[in-house]
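Student: Sequence:
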Amino acid sequence: MLGTFSINDKLGKRLVVILKGFPCSWGRCSFCPFAIEQSFNTRDVIFTNRRIINEALKTLEKEDHKRIAVFNGSSFHELPYDTIERLRELAKRRIFEIESRSEYITISSIEALLSYYEPEKTHYKNRV
0 MLGTFSINDK
10 LGKRLVVILK
20 GFPCSWGRCS
30 FCPFAIEQSF
40 NTRDVIFTNR
50 RIINEALKTL
60 EKEDHKRIAV
70 FNGSSFHELP
80 YDTIERLREL
90 AKRRIFEIES
100 RSEYITISSI
110 EALLSYYEPE
120 KTHYKNRV
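Read in order, the letters of the sequence shown are residues 0 to 127 in numbering that gives the first Met the number 0.
Don't take every hint at face value.
Here are the simulated PhoX-like cross-link-like pairs (lysine-lysine), alpha carbons at most 25 angstroms apart as the crow flies [unchecked claim]: (1) K12 / K91; (2) K61 / K9; (3) K65 / K91; (4) K65 / K9; (5) K12 / K65; (6) K12 / K61; (7) K91 / K9; (8) K57 / K91; (9) K12 / K57; (10) K91 / K61.
Derived from the structure by calculation, the hints contain no laboratory data.
Starting from the given sequences, assemble the full structure and let the hints guide the process.
Tutor: Have a look at this one:
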């Protein structure tokens with residue numbers, strides 16, 4: 000399930016990027032398909048995500064995607080800084096969709112994301 004794929008639906012053409020994450024802080028969702036791909040090993044998470052982000056950048060060289068959707072099975076705000084930093088090129092001047100637990104969504108966190116990523120637009124998907 001980790002990796003990138005293109006999708007064309009009612010929202011238009013977008014590149015979906017599924018990253019490896021740490022086990023989420025909630026950790027109680029028995030239905031979560033991400034649980035089997037998560038890791039406590041920071042090095043594993045960082046290097047896996049570098050590979051996936053490089054794959055996404057190569058896809059963007061060949062295909063134009065105005066929307067980027069990022070999932071990682073926990074919260075975007077729980078990703079390693081290395082991954083957050085490398086996502087910047089994907090987000091710049093595109094519609095950037097991320098998934099986050101609601102307790103991480105504050106005015107200051109949204110302002111920081113907009114300032115850092117410079118997306119055309121940002122969509123937050125709240126996970127409970």
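Student: Could you run down the list of hints and mark each one as holding or not?
Tutor: Results for each hint:
Between K12 and K91 the alpha-carbon distance is near 17 angstroms, which keeps this suggested pair within the 25 angstroms criterion. Pair hint K61 plus K9 holds up; C-alpha atoms about 22 angstroms apart against a cutoff of 25 angstroms. The suggested pairing of K65 with K91 holds, with an alpha-carbon distance near 10 angstroms, which does not exceed 25 angstroms. The suggested pairing of K65 with K9 holds, with an alpha-carbon distance near 14 angstroms, which does not exceed 25 angstroms.
At roughly 7 angstroms between alpha-carbon atoms, K12 and K65 fall within 25 angstroms of each other, so this suggested pair holds. Of the pairs offered as hints, the one joining K12 and K61 holds, with about 14 angstroms between alpha carbons and a cut-off of 25 angstroms not exceeded. Straight-line distance between C-alpha atoms of K91 and K9 comes to about 22 angstroms, which keeps the hinted pair within the 25 angstroms bound. Straight-line distance between C-alpha atoms of K57 and K91 comes to about 15 angstroms, which keeps the hinted pair within the 25 angstroms bound.
Taken as a hint, the K12 and K57 pair is honoured in the structure, with Cα atoms around 16 angstroms apart against an allowance of 25 angstroms. A distance of roughly 17 angstroms separates the Cα atoms of K91 and K61; the hinted pair therefore holds under the 25 angstroms criterion.
In summary, the structure agrees with every hint in the numbered list given earlier.
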